[in-house]
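Peer 1: In case you want the letters, here they are:
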Amino acid sequence: MTRNADMEQVAGDFYAENFAKDASEGSLILNLGPQHPSTHGVLRVLVELDGEYVLRAEPVIGYLHRMHEKMAEVKTAAQYIPNMGRVDYGHAIAWNWAFVGAVERLAGIEVPPRAEYVRVITCELNRIASHLLWWGAYLLDLGAFTPIMYAFDDREKILDILQSPTGARLTFSYFRIGGVARDLDEDCVKAIREFIPWMRSRLPMYKEFVSDNIILRRRIEGVGVFEPDLCRRYGATGPVSRGSGLAYDVRRDEPYSVYPKLDFVVPTSDLMDARGRYDVRMEEMAQSLNIIESCLDQMPEGDTLVKGAPKPSWKVPKGETYFAVEGGRGKIGVHLVSDGGKNMYRVKLRSPSYSNLSLFAEASRGTLLADAVAILGSLDLIIPEIDR
Amino acid sequence: MNAIKQAFRTVSDLWSLMVGLRVTGKYFVEPQRTVRYPWKAVSTVGTFKGHLELVGGTKDPFKPRCISCGMCAISCPSGCITVVKRKPPKPTPEEEKAVAEAKTRGEKVKDQTPKDPEKFLYDFSLCSLCGTCMENCPTGSLRFSHNVYVAGYSRNDFQYDLVLQLREAEAQAKPARREARPAAESEA
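Sequence order for the protein chains is A and B. For what it's worth, this note's numbering labels the leading residue of the first sequence as 884, then goes sequentially. For what it's worth, this note's numbering labels the leading residue of the second sequence as 91, then goes sequentially.
Certain hints may be false.
[What the hints assert, rightly or not] Among chain A residues calculated to face chain B with C-beta under 8 Å, some are:
| hint | residue |
| --- | --- |
| 1 | Gln962 |
| 2 | Asp1036 |
| 3 | Glu1091 |
| 4 | Pro1195 |
Please keep in mind that the hints were generated in silico from the structure rather than gathered at the bench. No experiment lies behind these values; they were computed from the predicted model shown. Quick reminder that beta carbons are idealized off the backbone N, C-alpha and C, glycines included.
Based on the sequences and whatever the hints tell you, model everything.
Peer 2: As structure tokens, then:
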């Protein structure tokens, strides 16, 4: 589907033809994806090139649309939880939490204290796993193969830990309305306690191994500078906006669960480039370890599921609510409307990747094609989350 | 002066590559982290959620505990469970007579139909392994197997009858007993 502007005929679909209308003289329109290896999943990006430089770029989404929002309208609240594990495979537990939290807020269900801590521990472990996945995949995008082997070595350890309470390794449906499905047993707590020092010892290795590496530094430093204003305009959240110096973290700014009791720093970077976002994510892993450790120390004994927890036939009380959590990629929001019927009336899922991707068209303008790929990777996109 | 700075920077840049190579070198001589799969399996299979399976009763571990109430089928988000109840056995003339007599006396007739399901149809290709059925089962007769090696050539390979599976498990566990049983019956 390449096309020169001076050619009469345009080969391509509706998007390509529409995109080609505004093409300038002598430029080349190139289609990246939806099966291009350097774009994650099935993201398709149309770019207009002048030599190596990107004149315009336009993401085309919708190749992985699975109607998660519509499915909420034909399921009861408890039956919708497995869907949440499939919206974002990277940080599935945060999505679990966003939905379950919205239902609990609307119905006024109190979660037992131990369950709150279990939720934080599993969520933060999943966050580290998500960042490790990004780290490995991003470096793979940039042409470094070996780091993903190291990242997956650690990621597998987390998945083994998470497998013990959840039973799954990727698409967790672990949370329940009013608690979690299973308690962390002693072996699991022990494994987490062993994992924390291990991961702490690995982070300096990552720094030596990759972060300080001159090839990476030349590749990402000064690339894809997002001004804080740009992030604000497009509603970018998570490491993308924190990498631009905006210290917005839902865990701190709209606290939920036991996060106010926990001591952690919201890492930010003033570099505003791909390097800034890289640094923020690396620091977040260290912070997540601190959170997990203090959670394990504070965790009380007790139930992990509230008594009389909603059954599948349970109806969400009439009303409307919004609940947001901090996911690996940013603010995950669930807007839940119920008319008191058997199924929910409407569920709107606010996915961070969608907002983060939307600034790409503007940010990639005038960059080298290779840098555009580096910017795309630094956004940490999960395509199922964009399309939902 | 600038040239010296530039040279110093080049050296430090090259040094960062050396540091990286030292890390890979260190891990190169360490033992392998991966497992050579078909010859050796990972040890974390025990906590993995595989497909559903029926739990046997306490007396007979190969007779399902299930009472065919259908809670699992109702609660399943993707509708992958169908429980087929047993039909009542055809009553003998004496039994029919007894039932009719009981009815004339105004007594309630106890249903003699065995409660365990005739078939427990489970479509694994639809299942999302959420565990909702398991949590809502009043008798605790469902659990996840730890079978991670499920594979098939077509979609039909994942249509299970869990009752049948339990019977197959019985056949595998006690081949000797199965042979002995008809002999015992003929004696009776």
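Peer 1: Please check whether Asp1036(A) passes as an interface residue: C-beta within 8 Å of a C-beta belonging to chain B.
Peer 2: 5 Å, holds
Peer 1: For the restraint on Pro1195(A), tell me whether the closest CB of chain B is nearer than 8 Å.
Peer 2: 4 Å, holds
Peer 1: Using the nearest Cβ pair, does Gln962(A) come within less than 8 Å of chain B?
Peer 2: 4 Å, holds
Peer 1: Given a cut of 8 Å on the nearest C-beta pair, is the interface hint for Glu1091(A) held or broken against chain B?
Peer 2: Interface hint status for Glu1091(A): holds (5 Å vs cutoff 8 Å).
Hint compliance for this structure: every hint is met.
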